[in-house]
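Student: Sequence:
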Amino acid sequence: MLPARANTQPAFGACLGDPTRPVAMPAGLIVLAIARDRIHAITRFHTDALYPRSGLPESLPEPAAPPRPDTRRRPGALGYDRR
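The UniProt record's numbering puts the sequence shown at residues 1 to 83.
One should not assume that every hint holds.
Claimed, not checked - Across the chosen pairs, the derived CB separations fall in these ranges:
hint	residue 1	residue 2	range
1	LEU32	PRO52	19 to 25 Å
2	ALA49	ARG21	15 to 21 Å
3	ASP48	GLN9	18 to 24 Å
4	ALA14	ILE34	14 to 20 Å
5	THR43	LEU16	16 to 22 Å
6	THR20	THR43	26 to 32 Å
7	GLU58	ARG38	27 to 33 Å
8	PRO10	ALA49	19 to 25 Å
9	ALA35	ALA14	19 to 25 Å
10	PRO19	ILE39	31 to 37 Å
11	ASP37	ASN7	15 to 21 Å
12	GLY17	ARG38	27 to 33 Å
13	ARG5	SER59	19 to 25 Å
Read the hints as simulated data drawn from the structure, not as lab findings. Just so it is clear, CB atoms sit at the ideal spot from N, CA and C, and this is done for glycine as well.
From just these sequences and the hints, can you work out the full model?
Tutor: And the structure:
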């Protein structure tokens with residue numbers, strides 16, 4: 001999620017990764033309509049042309065894959081020793 005503004009309203013851009021591409025691509029500009037101190041409405045625009053107009057990049061580099069959890073059994077890993 002990337003912070004943005006649209007017609008003076010708070011907004012954010014979302015990007016999704018694609019395993020066939022090295023970059024994450026736009027998944028929509030989400031605009032929050034605020035009334036008093038609450039979100040009154042949420043509108044999603046899926047028009048790529050709105051990204052640059054809202055100050056958002058047209059793509060993002062994919063982050064490195066998160067480390068895989070260590071699934072090897074270790075003594076005491078589950079709170080007790082198996083013996």
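Student: Could you run down the list of hints and mark each one as holding or not?
Tutor: To see whether the hints hold, each was checked on the structure:
no. : hint                         : verdict
1   : LEU32 with PRO52: 19 to 25 Å : 20 Å, holds
2   : ALA49 with ARG21: 15 to 21 Å : 19 Å, holds
3   : ASP48 with GLN9: 18 to 24 Å  : 20 Å, holds
4   : ALA14 with ILE34: 14 to 20 Å : 19 Å, holds
5   : THR43 with LEU16: 16 to 22 Å : 19 Å, holds
6   : THR20 with THR43: 26 to 32 Å : 29 Å, holds
7   : GLU58 with ARG38: 27 to 33 Å : 32 Å, holds
8   : PRO10 with ALA49: 19 to 25 Å : 20 Å, holds
9   : ALA35 with ALA14: 19 to 25 Å : 23 Å, holds
10  : PRO19 with ILE39: 31 to 37 Å : 33 Å, holds
11  : ASP37 with ASN7: 15 to 21 Å  : 19 Å, holds
12  : GLY17 with ARG38: 27 to 33 Å : 32 Å, holds
13  : ARG5 with SER59: 19 to 25 Å  : 20 Å, holds
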